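Going down the list, the protein sequences come from chains A and B. Residue 198 in my numbering sits at position 198 of the first sequence, and the numbers go up by one each step. Residue 190 in my numbering sits at position 190 of the second sequence, and the numbers go up by one each step.
Hints are computed from structural coordinates only; laboratory data are not their basis. Note that the structure is predicted; figures quoted are calculated from it, not measured. One should not assume that every hint holds.
The list treats identical chains as one, so a pair stands whether inside a single copy or across any two.
Keeping only pairs whose Cα atoms sit at most 30 Å apart, straight-line, the calculated DSSO-like set for lysine-lysine is [what the hints assert, rightly or not]:
| # | residue 1 | residue 2 |
| --- | --- | --- |
| 1 | K161 | K44 |
| 2 | K232 | K17 |
| 3 | K271 | K160 |
| 4 | K160 | K44 |
| 5 | K194 | K207 |
| 6 | K94 | K14 |
Number of protein chains: 2
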Amino acid sequence: MSSIPTQNIYDDPKFFKAYSTLPRSQHGFDAAPEWPVLQEMVLKNNKSGHSGIENEHVLDLGCGYGWFTRWARENGAKYVKGMDVSTKMIERAKESEQDLREKGSIPPSYGTLCYEVGDIETVSFSASEIDSYDLVYSSLTFHYIEDFSKLLQQIRLCLKKGSPKDDSRKGGRLIFSVEHPICTAPVNPQPDWKVLPIEDGDGVGRKIWPLNSYSDEGPRMTSWLGVDGVRKYHRTVETYVTALLQNGYVLTGLKDWVPSEHDVEEHPEWKDERHRPYFLLISAEIHSDY
Amino acid sequence: MSSIPTQNIYDDPKFFKAYSTLPRSQHGFDAAPEWPVLQEMVLKNNKSGHSGIENEHVLDLGCGYGWFTRWARENGAKYVKGMDVSTKMIERAKESEQDLREKGSIPPSYGTLCYEVGDIETVSFSASEIDSYDLVYSSLTFHYIEDFSKLLQQIRLCLKKGSPKDDSRKGGRLIFSVEHPICTAPVNPQPDWKVLPIEDGDGVGRKIWPLNSYSDEGPRMTSWLGVDGVRKYHRTVETYVTALLQNGYVLTGLKDWVPSEHDVEEHPEWKDERHRPYFLLISAEIHSDY
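Take the sequences, apply the hints, and build the full model.
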């Protein structure tokens, strides 16, 4: 693999300011329509045989403002660590934590929450973190990572290992979301919906997602929030799944996320978003220490 | 689910005649560019811990002319059964078998090969077939099936069960291909490549696959080989994978098939086929009898 320095657009002052105006920056989960599905994956918990994350050790890779880390602690996690490459993001997460502390909103029963500036692309874990996490979570971060297989190897090291002979003692879980490969595939010019001059039953043109270059994996440069050259990596669904299987994970869930029909009733403007999956959500477990 | 009668276009004389002129009808695997990848899935055989299908009991659902059934017997399978809803297809498969027999091309060391006309949509197995197969294989058939989950339950019944406590005695395997959901998604008018009026580096328009209606699962009617109203069922990748996991299968492989770069060197006319996956290939295993 190449050794391009890790991208850190979130520490670009212009980008960081623009990012802070996004609905999901301001409102967190309430503005993240995929969250209910991700939350269900997190709470389903095949591993422990019960629902929830009570007493779990949780790591959030690319934690941003810390919405998930705080949610995990509120939902009973014993220890939660958030990591992000952006110093500004970690500062912001710590500020939110300080606000909660000053408001007296952190009961003594809550678990430990900590933050660390860290580059996920080259992450390695301390001896005390090896085999320590029940859950590694990551939202909309892995499509920035060049070497996904290497990352899976690192995550595997820090997840708890189960017994190969005992299904009730499965290992830790990895749950993540990425932009769906159908969305990241098209090359420049920047992809966007097109309307074909073919009338639908209701007399309007047919809206289509102009898919191309699906199998040509690699970097895709886009402009976002006024910053040019934002680099994402396009990988196929096959590659995401194969990398998991080859690195000793067992796939436990895969979602081609689109807004549900219920979502569209509440937000009719999202109707077209059902034409192609927008996010890929995946859950996996380590079943044995092989 | 509805009770629409099973489609049997292959017994339509006009369709059957046109189908017999297709390259993959005339040349079998040599005209099926996805075969090498499927073959690798079949021969990999995580189950037995060795490569190959020697001494296995194999069932081919939607066997057509019987290319795979004959290949399986040649490659050491002990017992191979081919099933197809089309009487004409099964007649043709039996004719090929008779030809081989007359030519003396079936050594006594070969396993048993048999054919049965059967509707996969409503298939059920005799007592002697329960827990009997090492491998269920199906090529380009499951996208005709309305109730995929019910089919998986039936297939599970006939696959050998492994021990839940012994990884070396995993259960039987299911390997299948379908038209990729990205291909089956678009609704009428019949989908086809479009060229957007955006120049590529080489001065030609950008070729795109006009994806829409991905999340709206259900029947898709097309015309094929001069027959109107050919009915296929569009399901998302999520639905294929989720149905497997919910029915007790462990996913062992998933391929978004496109021609390889090597294929394109040999067939430059296939270049555009790399823009979107054409087939979805899946392998799965039963790990325990729960």
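Checked hints:
1. In this assembly of identical chains, K161 and K44 lie within 30 Å of each other by CA distance both inside one copy and across copies; the values are 19 Å within and 26 Å between.
2. For a Cα distance limit of 30 Å, the shortest separation of K232 from K17 inside one copy, 20 Å, qualifies, whereas the shortest one across copies, 49 Å, does not.
3. In this homomeric assembly, K271 and K160 never come within 30 Å of each other (Cα to Cα): the closest approach is 41 Å inside a single copy and 45 Å across copies.
4. Proximity of K160 to K44 under the C-alpha cut-off of 30 Å is found in both arrangements, the shortest distances being 18 Å within a copy and 29 Å between copies.
5. With identical chains, the CA atoms of K194 and K207 are at most 30 Å apart both within one copy (6 Å) and between copies (13 Å).
6. When the C-alpha separation of K94 and K14 is checked against a cutoff of 30 Å, the pair qualifies only within one copy, where the shortest distance is 21 Å, while the shortest distance between copies is 71 Å.
Going through the hint list in order, the structure does not satisfy hint 3, though it satisfies all others.
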